[in-house]
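Top to bottom, those sequences are chains X and F. First residue of the first sequence: 1, per our numbering; consecutive thereafter. First residue of the second sequence: 1001, per our numbering; consecutive thereafter.
Everything labelled a hint here was simulated from the structure, so no lab data went into it. This structure is a prediction, so every number in the text was calculated from the model and none was measured. Quick reminder that beta carbons are idealized off the backbone N, C-alpha and C, glycines included. Heads up, some of the hints might be wrong.
[To be verified] Computed spacing ranges between beta-carbons, pair by pair:
id	chain 1	residue 1	chain 2	residue 2	range
1	F	Lys1099	X	Pro200	46 to 54 Å
2	F	Thr1066	X	Ala201	35 to 43 Å
3	X	Ile427	F	Val1010	21 to 29 Å
4	F	Tyr1068	X	Glu106	53 to 61 Å
5	F	Val1053	X	Glu53	44 to 52 Å
6	X	Ala213	F	Ile1011	16 to 24 Å
7	F	Thr1066	X	Pro200	43 to 51 Å
8	F	Met1113	X	Glu65	53 to 61 Å
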Amino acid sequence: MLTHLPVLVVLAPLLAAPVASLMRGAFAPWVVATLVSWFSLVCSLLLLAQVGEQGVIVYNMGGWEAPWGIEYRIDFANALLLVLITGMASVVMPYARLSVRQEIGEERSPMFYAAMLLLILGLCGMTATGDAFNIFVFLEISSLATYTLLAMGKDRRALTSSFSYLVMGTIGGTFYLIGVGFLYVMTGTLNIVDLAERLPALSDSATVRTGFAFIVTGICLKLALFPLHLWLPNAYTFAPSAVTALIGATATKVAVYVLVRMIFTMFGVEFSFVEIPLSYVLVPLAVVGLLSASSVSIMQLNIKRMLAYSSVAQISYIILGIGMGTAMGLTAALLHVFNHGIMKAALFMSLGAVAYRMGGVELKDMNGLAKTMPLTFWAFVIGGLSLIGVPLTVGFVSKWHLILAALELGWWPVVVVILVGSILALIYIGRVVEAGFFKEPADNTRREAPAGLLIPLWILVIANIWLGIDTRLTVDIAEAAAAQLMAGGVVL
Amino acid sequence: MSGLGIWNYVIFIFLMMAGLYMMISSSNLIKKIIGLNVFQTSVFFMYISFGYVEGGAGPVLTEGVTLYTNPLPHVLILTAIVVGVATTAVGLALTIRIKESFGSIEEDDLHKMDPSI
């Protein structure tokens, strides 16, 4: 069984999704979804340990060797991402039971859990596979599940936000497909390692360069890089709480991973950063995105929308790290992918708990929360501190590495931008904290969220602090992943 | 591949741009979905046309034939067509629900009802 781990991570949710959709009521599909998420998490952790022992794991689907068959190729980067996806799913699923019962209702629950499982399947598949076309298929599976889940929000604007994401997401996916087609015409292969071997000889070809442009643009639409982020704020704001927590923590991160895989493994550092000046595109966009999205989130009255804009800003940090094109920058980017996933999930889950009790997540709903819902509120505060990048939280670890990477290149203005971004985060988180501590609640009775919401939430909050103090695990894995990625796809 | 000259690519680019333009310019959600379909189909055409090898036979093993067209792009596009159909279905379902809850599928009307859309 241990040799089949790469495919089990993907297969378990795939098989469980139709089972969940056939069940009745809310409880049975929830049990299935939760158990499958936990099973996938165990598989991912075992995979990470295996990669640590044996190096890169290659799994030939159906026994067909690459390049004829599809291969799954697990190195440190995807093992880390798989742990993030399945880990977040394992925490969000238990949390979903109460939140979904209130926001979606029993009748639609089986379909909701089936869609959640399909989303996890798509994300894990994109991460695990070593085939460029296979990534497109899994990308569309995860996107279709996302459109469905977004449309389940209570507000009717969830429908329009889902529709605009459907249009933009499909353009992004199709751009990626065009790019892959161009590469296939030039090389005759779809296997990423094969492509990495053949592309350097063709680096002067206009077709390959156009393909590169299509792929990067398509994925940047998916990961919501400024100015392609317009679908994200509405989508996150109106989606059900559990969906926002899972998507906010994983979906854009997997798109980031695909971008990294394309830029570093498939095209290689030489092509992406020397022959094509990708830094000059990514870094300015990231800087503008970081400052503008952070500034916009200060003005939001809906806290979920505020965090959605903050997600755009945090994605910009990650793109900044990738845009540096160095091993240190890439390490910082991968660290922030993982760490931002943990902190954003914690923040969105605490907002979900507020919505569960207060019925809304406007700034006025946060008034006096320190008295009425102390545990939920403190979870939000710790998640917020992590977002700002206060020492002893995970946010500090990744921002520290990002600043070190910028200093290594002598990019002083970028260091200033990163610090300004943190100050802006301090302002928008500070507004909520101020309302929670110092404003008087409309109703002074204590109404803490139920344990079913608090326990998963606090697991993530403790992970935020634990991984912020004991940084060896994440930093070592991110460094090893960056070293593998910098070496390109040919050297294994 | 040269059997079609560059005409296949001209058609592909024309269809792609027509689809993109339709998605951007029309305010009606159904028209947007039609544009999306045209856009996706143009990419299918591109894949299918570059699988053709000049003088190649259909990719079925036949006595005495050595040159075959490439079947792989066709197989890939079969998958992509399924994805396209699923996307259209979800898009249409969303449109129906938007019509039910807003009473309109014109984006301009939706904007007037709620500026944040």
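query: Going back to the hint list, which numbers does this structure go against?
result: 2, 3, 7
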